[in-house]
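Trainee: Next come the chains, spelled out residue by residue.
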Amino acid sequence: MTVTGGVAIVGSGLVKRFARDKKESITALDGVSFEARHGELTALVGPDGAGKTTLLRLVAGLMRTDEGTLRVLDLDAATQPQEIQNRISYMPQRFGLYEDLSVQENLDLYADLHGVSVEQRQERYPRLMEMTALAPFRERLAGKLSGGMKQKLGLACTLVRSPDLLLLDEPTVGVDPLSRRELWEIVSSLVENEGLSVVVSTSYMDEAERCAHVVVLHEGKVLADGVPSSISSRARGHSFIATSTQNESARALQARLIDREDVIDAVPQGGRVRAVLRAESAQSIPEATFEPAEPTLEDGLMLLLRQQTNAKPAAGAAIELADKPAPDREQVVIETHDVVRKFGDFTAVNRTSFEVRRGEVFGLLGPNGAGKTTTFRMLCGLLPATSGTLLVAGADLRTARAEARQNIGYVAQKFSLYGDITVRENLDFFAGAYGLRGARANERIDWAMDNFELSNRAGAATGKLPGGFQRRLAMAAALLHEPQIVFLDEPTSGADPLARREFWRRISSLADHGTTIVVTTHFMEEAEYCDRIMIQDAGTMLAIGTPDEVRQQAADESHPVATMEEAFIAIVEKSRDQVRAKDAA
Amino acid sequence: MNATLHRILILIRKELIAVLKDPRSRIVLVLPIVLQSLLFGYAATFDLDKVAYALLDADRSGASSDFMARLDGSGVFHRVMNLNSASEIGDAISRKRALLVVHIPSDFERRILSGQGATVQAITDGRNSNTGGTAAAYVSAAVERFNADWRQSHDGLRSPLTIETRAWYNANLETRWNMIPSLIAALSMLQVLMLTALSVAREREQGTFDQLLVTPLRPTEIMVGKAVPSILIGLVQSSIILLLALFWFRIPFQGSLATLYLGLILFMSAAVGIGLALSAFSATMQQAMLYTFVLLMPMMLLSGLTSAISNMPTAMQYITLANPLRYAIEMVQRIYLEGAGVTLLFNDMWPLVVIASITLPTAVWLFRHRLV
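If you read the protein sequences in the order shown, they are chains A and B. Here my numbering is used: the first residue of the first sequence is 1, the next is one more, and so on. Here my numbering is used: the first residue of the second sequence is 586, the next is one more, and so on.
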């Protein structure tokens with residue numbers, strides 16, 4: 001290589017296999033060749049299991065390749081891993097913060113581990129604190145920080161010394177849009193002002209779009225690499241914005257489109273649907289009008305996946321449900337009135353009132369620590385409200401008879417089925433816990449196996465299955481007893497774009513059949529799937545209404561907003577400014 | 586009622602699958618209990634078959650030789666030294682040359698013959714109180730025999746010899762007979778307590794407990810569903826130790842199996858209640874582990890397993906009243922060795938019922954009301 005001066009990482013023909021058991025092995029990387037340049041942001045994107053984390057760990061010198069050569073900062077990763085590690089910083093997906101130590105103690109610990117001198121610390125700490133805005137929280141225990149703050153602290157600990165190359169593995173998973181934006185501002189300024197080289201893996205395409213170079217991985221192979229526009233432009237002529245000519249919701253149109261063979265991808269956007277079509281025209285699709293649209297990186301990626309691997313988003317995800325009489329969509333099934341929840345002096349949820357109707361998809365949106373999960377736990381009867389009333393399917397689940405819980409299904413944020421027993425045993429157990437038995441239980445379990453693609457791993461230990469599979473199983477278990485209302489707490493956190501589309505296709509089928517859905521999410525574009533959303537911050541309800549209404553509410557001010565994410569940030573920041581002004585007065 | 590029963594059975598089945606599925610955890614439930622029983626049976630025996638002793642015979646009379654002949658002839662005592670003065674006693678003991686020094690005073694024969702009665706002093710190595718105590722007890726046994734013979738041959742009513750030791754005498758000279766039956770309760774409690782203490786805490790830590798609470802399962806049903814598998818596992822472990830006692834150590838069983846298992850079920854319910862309450866109180870498995878360890882040691886010590894409760898300070902004796910193991914050990918020993926029936930054991934059984942009926946409802950309450 002003659003251009004090594006400009007290149008931070010050169011990998012060629014990288015192969016890495018892992019033994020799954022004695023007989024089988026999984027090929028995580030299958031002949032990967034790529035480059036990352038100095039002073040640039042390089043993104044690794046691709047669905048779950050593409051090999052992003054494996055590739056980062058190879059670069060970090062934490063594992064050795066089975067085949068191929070890898071040079072990092074002009075060092076050979078196979079023979080000089082220690083020299084590489086002395087010059088890079090790596091932030092894994094779950095950064096090892098010590099939750100019982102304070103912010104400052106965590107920083108000191110990592111500075112000690114990396115042998116950062118006292119003089120260097122004095123110069124470095126104030127900058128890190130300014131960058132991450134953690135200065136006011138120095139004494140707070142890391143375990144008490146919000147998800148976004150934890151990630152920022154993780155980044156600060158990673159940067160206690162000045163690395164030549166920074167590796168970030170999905171740094172924004174489970175982080176709300178505000179914190180996500182802040183994290184990216186930190187990373188961008190490091191690249192622009194200090195010329196740091198950064199490699200980041202992500203499943204958010206808008207993040208990859210900000211990078212200078214994108215490497216698309218799929219099942220251990222490089223599908224494409226280049227500047228983001230070289231990938232998005234593949235979808236030129238195929239991207240459209242679709243409007244229904246019928247009186248149907250964006251979600252209904254999206255579901256209709258994504259089920260079609262001639263549609264590669266469809267997501268609701270701004271009350272309409274962004275679609276990537278196989279053909280460059282849309283004549284064949286009835287009851288909708290199509291306008292050409294500027295392609296996005298996600299459009300390009302979906303097209304690429306479809307062309308090269310035949311992967312189709314949400315294929316077969318629509319679930320079969322028994323026909324029922326048309327639900328009364330006016331019936332109020334969840335009703336909260338002036339709900340307050342305090343933990344000591346801290347008010348987690350403050351005077352919140354809302355209603356949810358039968359068959360609605362209701363989204364709870366808010367930054368980390370906004371009170372979404374607390375609201376959720378109160379609705380499910382897991383936590384008593386300090387004051388106010390909550391009625392779910394006509395009962396307060398905290399005090400109602402146990403049978404009232406028969407009406408709800410609950411999918412927690414963290415995977416919470418039994419990891420040490422098999423998939424089938426988990427389904428057996430939850431069927432039984434909900435009173436299903438005999439032929440009826442078997443029928444429902446077969447239904448779950450079929451509709452959530454669980455059959456091929458029925459006898460596998462649940463804890464050892466990949467995350468995507470666990471998420472499907474958790475949802476299947478919550479639906480066995482055909483609940484009227486399903487609660488899902490951040491069901492798509494950490495899920496790749498394909499899995500998210502699958503998930504929402506299932507939700508659409510459920511809502512069509514009259515199941516009420518209450519869902520929290522960090523992905524603002526997912527709010528577009530909801531019939532109505534509520535935005536919370538610091539325990540207070542800031543906005544409630546259809547996605548269109550919320551966008552309009554945010555746009556009231558000087559600037560118009562196009563996306564839900566912009567609307568969300570505008571609403572939350574406006575409220576925070578008001579709170580600050582009030583505190584100052 | 587039917588629905589409740591069905592839900593409980595489903596939970597019991599899940600618990601048993603989770604515990605017994607993994608071959609390693611099956612081994613963990615059987616192997617340690619066998620090893621510990623053997624360990625206690627062989628290593629934790631206080632019987633002595635060779636007591637090294639030193640003799641300080643200040644009298645050197647016919648009576649003193651007569652007494653010493655009994656000691657030496659017992660087959661247990663083995664004289665390693667003859668001392669000449671009291672000043673040598675300290676040296677013999679501290680250098681561990683003898684476990685015991687027998688001191689016969691200079692007026693020994695004169696006092697016996699005059700009917701005043703004499704005293705033999707047994708000085709034991711206090712650093713090892715168990716063996717020392719046993720050795721001293723053996724000396725008093727020899728004194729007893731000497732007295733009995735003396736009364737017979739002299740038609741006297743008074744016993745001429747007394748010994749300066751207050752330790753009690755183990756009539757059958759076999760501590761193993763006391764120890765092994767106690768283990769039927771004590772060893773199985775160790776693992777049952779650990780198992781139950783982790784059961785709810787594990788679910789809480791892994792988030793599955795919330796999932797359980799949103800199902801129609803009621804807290805009481807969860808409690809029963811968690812308690813029954815633990816009790817079953819405890820009974821299996823007790824049975825393993827019982828089999829070892831019967832067929833390996835060959836200790837004859839005097840009582841009825843029905844009484845034994847009734848007692849064990851009561852005991853396991855009390856222990857499981859404590860475990861579940863601890864577990865429901867803990868936020869994490871680590872906390873539950875810690876609480877269990879903190880509790881286990883005093884429960885073992887204050888149970889009468891290794892030291893007699895009647896020898897403890899009064900305050901300690903009151904604390905033992907809250908310890909289910911105390912009742913269980915007494916109960917199992919009496920059933921096993923004496924063949925005691927339910928009516929005789931009533932005083933050991935009702936406290937277990939009281940403990941279980943306090944701890945189990947506490948656990949149920951904590952399931953939903955633990956402060957977050």
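Source of the hints: derived by calculation from the structure; they are not laboratory data. One should not assume that every hint holds.
[As the list claims (entries may be wrong)] Just the calculated beta-carbon pair ranges, DEER-fashion:
no. : chain 1 : residue 1 : chain 2 : residue 2 : range
1   : A       : Leu321    : B       : Gly792    : 22 to 30 Å
2   : B       : Gln902    : A       : His114    : 39 to 47 Å
3   : B       : Pro608    : A       : Lys23     : 18 to 26 Å
4   : B       : Tyr627    : A       : Ser146    : 51 to 59 Å
5   : A       : Ala461    : B       : Met897    : 29 to 37 Å
6   : A       : Glu67     : B       : Tyr627    : 56 to 64 Å
7   : B       : Leu929    : A       : Pro384    : 45 to 53 Å
[Unchecked claim] Heads up, incomplete: computed chain A residues facing chain B, CB under 10 Å, no partners named:
no. : residue
8   : Gly195
9   : Thr243
10  : Leu397
11  : Arg398
12  : Ile408
13  : Lys414
14  : Tyr418
15  : Ala431
16  : Asn442
17  : Arg444
18  : Trp447
19  : Ala474
20  : Gln484
21  : Phe487
Every value quoted in this text rests on a predicted model; they were computed, and no experiment measured them. Where is the CB? At the ideal position from N, CA and C, for every residue including glycine.
Trainee: With reference to the structure, classify each hint as holding or not holding.
Mentor: To see whether the hints hold, each was checked on the structure:
1. A:Leu321 x B:Gly792: 22 to 30 Å: Hint holds: Cβ distance 28 Å, inside 22 to 30 Å.
2. B:Gln902 x A:His114: 39 to 47 Å: Since the Cβ atoms of Gln902 (chain B) and His114 (chain A) sit about 58 Å apart, the hinted range of 39 to 47 Å is violated.
3. B:Pro608 x A:Lys23: 18 to 26 Å: holds (19 Å)
4. B:Tyr627 x A:Ser146: 51 to 59 Å: holds (58 Å)
5. A:Ala461 x B:Met897: 29 to 37 Å: violated (49 Å)
6. A:Glu67 x B:Tyr627: 56 to 64 Å: holds (57 Å)
7. B:Leu929 x A:Pro384: 45 to 53 Å: holds (49 Å)
8. Gly195: Constraint on Gly195 (chain A) not satisfied, violated at 43 Å.
9. Thr243: Result: violated, 40 Å to nearest chain B Cβ.
10. Leu397: holds (8 Å)
11. Arg398: Arg398 (chain A) check passes; min Cβ-Cβ to chain B is 8 Å, inside 10 Å.
12. Ile408: holds (7 Å)
13. Lys414: At about 5 Å, which falls below the 10 Å cut-off, the nearest Cβ of chain B leaves the hint on Lys414 (chain A) intact, so it holds.
14. Tyr418: holds (6 Å)
15. Ala431: holds (8 Å)
16. Asn442: violated (14 Å)
17. Arg444: Result: violated, 14 Å to nearest chain B Cβ.
18. Trp447: Where the cut-off is 10 Å and the nearest Cβ of chain B is about 19 Å from Trp447 (chain A), the hint is violated.
19. Ala474: Holds - the Cβ of Ala474 (chain A) comes within 10 Å of chain B, reaching about 9 Å at its closest.
20. Gln484: Constraint on Gln484 (chain A) not satisfied, violated at 14 Å.
21. Phe487: Check passed: Cβ of Phe487 (chain A) comes within 8 Å of chain B, closer than 10 Å.
In this structure, the hints that do not hold are numbers 2, 5, 8, 9, 16, 17, 18 and 20, in rising order.
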